[in-house]
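**Q** Construct all of the structure, not just a fragment, from the sequences and the given hints.
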Amino acid sequence: MEEILTEAACAPSGANIQPWRVYVVSGEVKDGLTHALVTASRAGVAPAPAHFPDPLPHMFRNRLQDFGARYYASLGIERSDTAARTRQTERNYAFFGAPVGLIFSIDRRLKPHSWIDLGLFAQTVMLAAKARGIDTCPQVAFAQFHEPIASYLQMPQEEITAFGMSMGYGDTQAPVNRAAMPRVRLQDFAQILGFAG
Numbered sequence: 517m518e519e520i521l522t523e524a525a526c527a528p529s530g531a532n533i534q535p536w537r538v539y540v541v542s543g544e545v546k547d548g549l550t551h552a553l554v555t556a557s558r559a560g561v562a563p564a565p566a567h568f569p570d571p572l573p574h575m576f577r578n579r580l581q582d583f584g585a586r587y588y589a590s591l592g593i594e595r596s597d598t599a600a601r602t603r604q605t606e607r608n609y610a611f612f613g614a615p616v617g618l619i620f621s622i623d624r625r626l627k628p629h630s631w632i633d634l635g636l637f638a639q640t641v642m643l644a645a646k647a648r649g650i651d652t653c654p655q656v657a658f659a660q661f662h663e664p665i666a667s668y669l670q671m672p673q674e675e676i677t678a679f680g681m682s683m684g685y686g687d688t689q690a691p692v693n694r695a696a697m698p699r700v701r702l703q704d705f706a707q708i709l710g711f712a713g
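The numbering used here numbers the first residue of the sequence shown as 517 and each following residue consecutively.
Any given hint could turn out to be false.
[Said to hold, decoys possible] Have a look at the derived ranges for each label pair, beta carbon to beta carbon:
#1 Leu591 x Ser667: 29 to 37 Å
#2 Glu663 x Ser596: 30 to 38 Å
#3 Leu669 x His567: 14 to 22 Å
[Claimed, not checked] With a cut-off of at most 20 Å between alpha-carbon atoms, the simulated EDC-like pairs for lysine to aspartate or glutamate come out as follows:
#4 Lys627 x Glu675
#5 Lys646 x Glu519
#6 Lys646 x Glu518
Rather than coming from a laboratory, the hints here were simulated on the basis of the structure. As the structure is a computational prediction, the values presented were derived from the model and not from experiment. Ideal placement from N, C-alpha and C gives every residue a C-beta, glycine not left out.
**A** Shown next as structure tokens:
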């Protein structure tokens, strides 16, 4: 774990401020965090997720709905089965059974460009883990439970939870891990200009 994080700390950041913070949990500490989050979820104490605007622009809403349909279909969960959907959502807070969980945070006073730096760090964590044969799953679901997370992990007041990540060895036979998620075509997201030929 220390090797992975040491490599990831080489990720670039604007003006080299290196704004990332990460809490790595396992064993009883992870189990305790999971218990706190499931309890908070069932008590309905979390605000609505704020990582998407409301209303979500049409193009992005279509992609979100397509993801939801594919994801729950791969799990064999019907759209109308709210109990099963809730159980699956709660698996987020158990880090999907992975032995290691990570909580990424950042100083809440920083602006969007520093959040990009945090994303670069997290991507580098994922690549460093994969280079060692270890799988990861980034999870924004943790963001809406900042208060119980901050309390449990004793975060400084200036920090805010950005997202979590599960880390372990993925089950390649699980249908959910084999579900193909479509990608936007290159010409729909990139303009390549000034090249000859």
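**Q** Please write out, lowest number first, the hints stated earlier that are contradicted by the structure.
**A** Nothing - there is no hint that the structure violates, so all of them hold.
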